[in-house]
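Trainee: Fit chain S to the given chain X structure using the hints.
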Amino acid sequence: MTNATVHMEGRLHAPAHGAVATGAVHAKGQQHPIKLYLVVWGWLFVLSTCSYLVDYFGLHGYLRWSLILLFMVLKAGLIVAVFMHMAWERLALAYAILLPPIAVLVFVSIMVLESEYTHFLRVLFFVSPS
Amino acid sequence: MAETVLTNPGQSTAQLEGWRGIAADWASDQRAFKNVSWGKAMMWIFLLSDTFIFSCFLLSYMTARMSTTVPWPNPSEVFALNIAGKHIPLILIAIMTFILISSSGTMAMAVNFGYRRDRVRTAILMLVTAAFGATFVGMQAFEWTKLIMEGVRPWGNPWGAAQFGASFFMITGFHGTHVTIGVIFLIAIARKVFRGDFDVERRGFFTSRKGYYEIVEITGLYWHFVDLVWVFIFAFFYLW
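Chains X and S, in that order, give the protein sequences. Counting from 749, one number per residue, gives the positions in the first sequence under my numbering. Counting from 211, one number per residue, gives the positions in the second sequence under my numbering.
Simulated from the structure, these hints should not be mistaken for lab results. One or more hints might be untrue.
To be verified - In silico SDA-like links for lysine to any residue, alpha-carbon gap of 20 Å or less: (1) S:Lys356 x S:Glu411; (2) S:Lys296 x X:Phe805; (3) S:Lys296 x X:Tyr804.
To be verified - So the derived list for chain S, only partly shown, Cβ under 10 Å to chain X, looks like this: (4) Phe243; (5) Leu268; (6) Pro285; (7) Ile303; (8) Thr316; (9) Phe323; (10) Leu357; (11) Glu427; (12) Phe442.
All C-beta atoms in this analysis are idealised placements derived from N, C-alpha and C, irrespective of residue type, glycine included.
Okay, chain X solo, but in the shape it has when bound (with noise of 0.2 Å):
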């Protein structure tokens, strides 16, 4: 590995993964069988029909969203783990892009307090009593 180039990942945690294509013979970076990325489709396709469904059959209050919340975080889930390859890089990388977005969690709930703050006070002075 003394003269591996800059572009050539994929090579030293190829075996990990088990699934190598065969027929390439200069194969570097990220291969991965086709059949992967077909299965991983046919799933997107599911999810979303699902998620669809959720607002086709008028599903309401809880059950609602969280159903929506999960197929979203499952959708996401496989796309940046297969198709973004995210699954087979180093945890250096995974963490580093990962982990800054907890950072928004954080804001949700900020921002949630701030505008149930914001609705009270405008319930409180600015609705009309009918």
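Mentor: Structure of chain S alone, referenced to chain X:
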């Protein structure tokens, strides 16, 4: 960069896995991202920054929707279409979702064929991806036209909370811009692939550097990200 030979690219640490691997990679000399080229690392970092941009849009939409005392327009009804005399809720958005997912599928295949150095199939799959993307943008233009005709404006709409229009145009507009840029990006790279630039290692017009099939994967990262953002927009704006 391409000709640079890494005589000692930290081989002793490169094999470590788990938390020790993270610590070793980040504490190592010169580069934290072993076996990832600068191009791919920078695309990931750009996508992270883009994540924050779209997060801020969705957050401001959430804040507007949670704090208003006026009822929010029902997206299921707003985006319904009459097809063959039947009233189907949210059907246009569902079709757009499937189109974008299909484009992600063809993109993933293009990356695969790129690394197999299958020049023609890679280029064709990238162009198919671009065509799906262009279809998506076209449907979005149709959706915008329909809503504008019905009287939706950034400052008001006929159905409820005034912030609906501003959130809608901002979020879907920014996403549509990303798709459009992605289509241009795809066509540009597909042309290079088809011409065989990465087989003969032709030097780039702007950069004077040799290109590699890895650029197909980097383009793919951007394209999958666009699809990823749509997953969140679909869940939070259209379904919620």
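Trainee: Does each hint fit the structure? Answer for all of them.
Mentor: Now the hints, each set against the structure:
1. S:Lys356 x S:Glu411: With a Cα-Cα distance of about 48 Å, the restraint between S:Lys356 and S:Glu411 is violated, given a limit of 20 Å.
2. S:Lys296 x X:Phe805: holds, 16 Å
3. S:Lys296 x X:Tyr804: Roughly 13 Å separates the two Cα atoms, so the pair holds.
4. Phe243: Result: holds, 5 Å to nearest chain X Cβ.
5. Leu268: Hint holds; S:Leu268 Cβ to chain X Cβ min 9 Å, cut 10 Å.
6. Pro285: holds, 8 Å
7. Ile303: holds, 8 Å
8. Thr316: holds, 9 Å
9. Phe323: holds, 9 Å
10. Leu357: violated, 18 Å
11. Glu427: holds, 6 Å
12. Phe442: holds, 7 Å
Hints 1 and 10 from the list above are not met by this structure, while the remaining hints are.
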